[in-house]
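Trainee: All chains, full assembly: derive it from the sequences and hints.
Take our numbering: the last position of the sequence shown gets the number 560, and nothing is skipped along the way.
Calculated from the structure, these hints are not laboratory results.
Note that the structure is predicted; figures quoted are calculated from it, not measured.
C-beta atoms are modelled at their ideal positions from N, C-alpha and C, and glycine is treated no differently.
Warning: the hint list may mix true and false statements.
To be verified - Derived lysine-lysine pairs resembling DSS-like cross-links, with alpha carbons at most 27 Å apart:
{"#": "1", "residue 1": "Lys392", "residue 2": "Lys535"}
{"#": "2", "residue 1": "Lys406", "residue 2": "Lys535"}
{"#": "3", "residue 1": "Lys296", "residue 2": "Lys423"}
{"#": "4", "residue 1": "Lys313", "residue 2": "Lys296"}
{"#": "5", "residue 1": "Lys423", "residue 2": "Lys255"}
{"#": "6", "residue 1": "Lys365", "residue 2": "Lys472"}
{"#": "7", "residue 1": "Lys399", "residue 2": "Lys535"}
{"#": "8", "residue 1": "Lys490", "residue 2": "Lys535"}
{"#": "9", "residue 1": "Lys313", "residue 2": "Lys399"}
{"#": "10", "residue 1": "Lys518", "residue 2": "Lys472"}
{"#": "11", "residue 1": "Lys490", "residue 2": "Lys255"}
{"#": "12", "residue 1": "Lys399", "residue 2": "Lys490"}
{"#": "13", "residue 1": "Lys518", "residue 2": "Lys467"}
{"#": "14", "residue 1": "Lys490", "residue 2": "Lys392"}
{"#": "15", "residue 1": "Lys423", "residue 2": "Lys399"}
{"#": "16", "residue 1": "Lys365", "residue 2": "Lys423"}
{"#": "17", "residue 1": "Lys392", "residue 2": "Lys472"}
{"#": "18", "residue 1": "Lys467", "residue 2": "Lys490"}
{"#": "19", "residue 1": "Lys399", "residue 2": "Lys258"}
{"#": "20", "residue 1": "Lys406", "residue 2": "Lys423"}
{"#": "21", "residue 1": "Lys313", "residue 2": "Lys365"}
{"#": "22", "residue 1": "Lys313", "residue 2": "Lys392"}
{"#": "23", "residue 1": "Lys490", "residue 2": "Lys296"}
{"#": "24", "residue 1": "Lys423", "residue 2": "Lys472"}
{"#": "25", "residue 1": "Lys406", "residue 2": "Lys365"}
{"#": "26", "residue 1": "Lys518", "residue 2": "Lys406"}
{"#": "27", "residue 1": "Lys490", "residue 2": "Lys423"}
{"#": "28", "residue 1": "Lys392", "residue 2": "Lys406"}
{"#": "29", "residue 1": "Lys423", "residue 2": "Lys518"}
{"#": "30", "residue 1": "Lys535", "residue 2": "Lys518"}
{"#": "31", "residue 1": "Lys392", "residue 2": "Lys548"}
{"#": "32", "residue 1": "Lys392", "residue 2": "Lys296"}
{"#": "33", "residue 1": "Lys518", "residue 2": "Lys313"}
Said to hold, decoys possible - Cβ pair distances, simulated, as ranges:
{"#": "34", "residue 1": "Gly278", "residue 2": "Asp305", "range": "30 to 38 Å"}
{"#": "35", "residue 1": "Pro192", "residue 2": "Ala553", "range": "53 to 61 Å"}
{"#": "36", "residue 1": "Arg219", "residue 2": "Ala451", "range": "51 to 59 Å"}
{"#": "37", "residue 1": "Pro192", "residue 2": "Trp287", "range": "29 to 37 Å"}
{"#": "38", "residue 1": "Asp276", "residue 2": "Ala175", "range": "29 to 37 Å"}
{"#": "39", "residue 1": "Ala400", "residue 2": "Val277", "range": "31 to 39 Å"}
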Amino acid sequence: MKAPDWIARKVSILLPHSASVQGGRAKLPKTPQARLVALVPTPPVAKAPIPLAPPVRLRTSSLGAARSTHERLAAMLRHGEEALSPRMLRRTLNALQAVVDPRVSEVEGGIRAKAIARWYGGATLAQRRDMWLLMSEQFVSNPQTVQRAQADYAAAVGTADEAAAEVHYRRATVSPRRRLLQRFSAFPEGIRFLVDLRAEMLGHLKSDKRLQALDVEMEYMFSTWFDVGFLDLQRLSWDSPASLIEKLIRYEAVHDIVSWADVKNRLDSDRRCYGFFHPRLPDEPLIFVEVALADAIADSMAPLLDESATPSDLNKATAAIFYSISNTQPGLRGVSFGDSLIKRVVESLKAEFPRLKTFATLSPIPGFRGWLSKNAVDTLARFDGSERAALGRAFGNSAFGAEQMMQAADRAAELDLKSPLRKMLLRSAALYLSSLTPDGKPLDGVARFHLGNGARIERLHWGADGSAKGRRQSFGLMVNYLYDPKRLDRNRALLAQGKIPVSAEIESLAL
50 MKAPDWIARK VSILLPHSAS VQGGRAKLPK TPQARLVALV PTPPVAKAPI PLAPPVRLRT
110 SSLGAARSTH ERLAAMLRHG EEALSPRMLR RTLNALQAVV DPRVSEVEGG IRAKAIARWY
170 GGATLAQRRD MWLLMSEQFV SNPQTVQRAQ ADYAAAVGTA DEAAAEVHYR RATVSPRRRL
230 LQRFSAFPEG IRFLVDLRAE MLGHLKSDKR LQALDVEMEY MFSTWFDVGF LDLQRLSWDS
290 PASLIEKLIR YEAVHDIVSW ADVKNRLDSD RRCYGFFHPR LPDEPLIFVE VALADAIADS
350 MAPLLDESAT PSDLNKATAA IFYSISNTQP GLRGVSFGDS LIKRVVESLK AEFPRLKTFA
410 TLSPIPGFRG WLSKNAVDTL ARFDGSERAA LGRAFGNSAF GAEQMMQAAD RAAELDLKSP
470 LRKMLLRSAA LYLSSLTPDG KPLDGVARFH LGNGARIERL HWGADGSAKG RRQSFGLMVN
530 YLYDPKRLDR NRALLAQGKI PVSAEIESLA L
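Mentor: Below, the structure is given as structure tokens:
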């Protein structure tokens, strides 16, 4: 039996009696709301009630205010911009509850989840949002049950029943929402469905805080499902399937790939590209890193992206330069792969090229311009009078201030080696990279990633990125982060103490 026939037969078992059936298959309506009626399973009459969220006291919403799903489920009419009517909302909730019905098997629950996923694929954004809200608000742990389990555990501490009480307490805190997500992961495309669902939902978190519970639960589940122990490290090469190379082009997030010649250059003999793959997403790299093998730390992107350049002599290669790291799945935000990816890649490279001694990045500084624009006055104040006077003379303006500084910085590519503004920008970049947020994290997002992995800030390079993006973000400046395998733990410890690991060169530049 073909897979589509098998799925149709399984789904037809779950269809309400009103759905028309021809030749054993359900004839699905065309409109999304009608598809919901036809596709989502209706739970059987229960001998015992399906676990629901505890009753909630309904409040009267003010005119124009968004109603909670608790209010809407108890209502008769749809308000304003609400996508699903109360009746359809109740039907969707019933379908979701049927997925986690304790009387059905994991397989049956997965079949029901797949039916909902089919409806979701044809639903509007507003209808999908209603389903997110149901998953977030209606599938919560029963607070009374949790409180009782907590009290039982507290009473059992120090007794022979402590272990059993702890297990009971832990189980009580597991929300039905988590079981719902587990059932969605039961069918082959389920994890892909959930990752895409969260990717779409992330853009709505700021405007609707009610979705945060679902988001946090999904991040927790993904951190378990996508643990690095379950991931495969694979090398991507010019001989990889075309579909995989096309994804490499599509997902490149640091330096855009502009042609097939460009991607071939990045996969040449003196390059390596590695990605992490998950068994349930076998043709989808979750994150990938591009590496150049050279005889020294790179100080500019131009030679690395030069399609006409002769490949480096691998017998002389002593340095591996990580020049692009791209996360490909927005839905996996918060799930960390980078640390393990770099470690695994370093091990693979050392095994293939024993002469390699240096492992470093050539990285952008994406937040520098924005930071300098906001802090231009304070930055200028850090320079003494003679330095500010030199800036004024260099640009023919004795009243050289923050506005003039930013205007001059936009022409950074034209500055010569002795320009006082060039010196000021380098010092400001060193200060920016060496600064922490109030909660003790590096200001720059890329710095946060590499420093958190145990790297240190090694060297700044003027004019290293001549692209429009590079000039816009950091006036063309780039930075090396050095990965010394022997000092990674020490560098992490320094960062935990609120001290950013930097080289002597960066330390001398920082204001």
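Trainee: Are the hints correct? Go through all of them and say.
Mentor: Going through the hints against the structure:
no.	hint	verdict
1	Lys392 x Lys535	holds, 12 Å
2	Lys406 x Lys535	holds, 12 Å
3	Lys296 x Lys423	violated, 37 Å
4	Lys313 x Lys296	holds, 14 Å
5	Lys423 x Lys255	holds, 24 Å
6	Lys365 x Lys472	violated, 34 Å
7	Lys399 x Lys535	holds, 14 Å
8	Lys490 x Lys535	holds, 23 Å
9	Lys313 x Lys399	holds, 23 Å
10	Lys518 x Lys472	holds, 22 Å
11	Lys490 x Lys255	holds, 22 Å
12	Lys399 x Lys490	violated, 31 Å
13	Lys518 x Lys467	holds, 25 Å
14	Lys490 x Lys392	holds, 22 Å
15	Lys423 x Lys399	violated, 43 Å
16	Lys365 x Lys423	violated, 45 Å
17	Lys392 x Lys472	violated, 35 Å
18	Lys467 x Lys490	violated, 34 Å
19	Lys399 x Lys258	violated, 47 Å
20	Lys406 x Lys423	violated, 40 Å
21	Lys313 x Lys365	holds, 22 Å
22	Lys313 x Lys392	holds, 25 Å
23	Lys490 x Lys296	violated, 32 Å
24	Lys423 x Lys472	holds, 19 Å
25	Lys406 x Lys365	holds, 11 Å
26	Lys518 x Lys406	violated, 31 Å
27	Lys490 x Lys423	holds, 19 Å
28	Lys392 x Lys406	holds, 14 Å
29	Lys423 x Lys518	holds, 19 Å
30	Lys535 x Lys518	violated, 34 Å
31	Lys392 x Lys548	holds, 23 Å
32	Lys392 x Lys296	holds, 23 Å
33	Lys518 x Lys313	holds, 22 Å
34	Gly278 x Asp305: 30 to 38 Å	holds, 33 Å
35	Pro192 x Ala553: 53 to 61 Å	holds, 56 Å
36	Arg219 x Ala451: 51 to 59 Å	holds, 56 Å
37	Pro192 x Trp287: 29 to 37 Å	violated, 57 Å
38	Asp276 x Ala175: 29 to 37 Å	holds, 35 Å
39	Ala400 x Val277: 31 to 39 Å	violated, 18 Å
When held up to the earlier numbered hints, the structure conflicts with 3, 6, 12, 15, 16, 17, 18, 19, 20, 23, 26, 30, 37 and 39 and fits the remainder.
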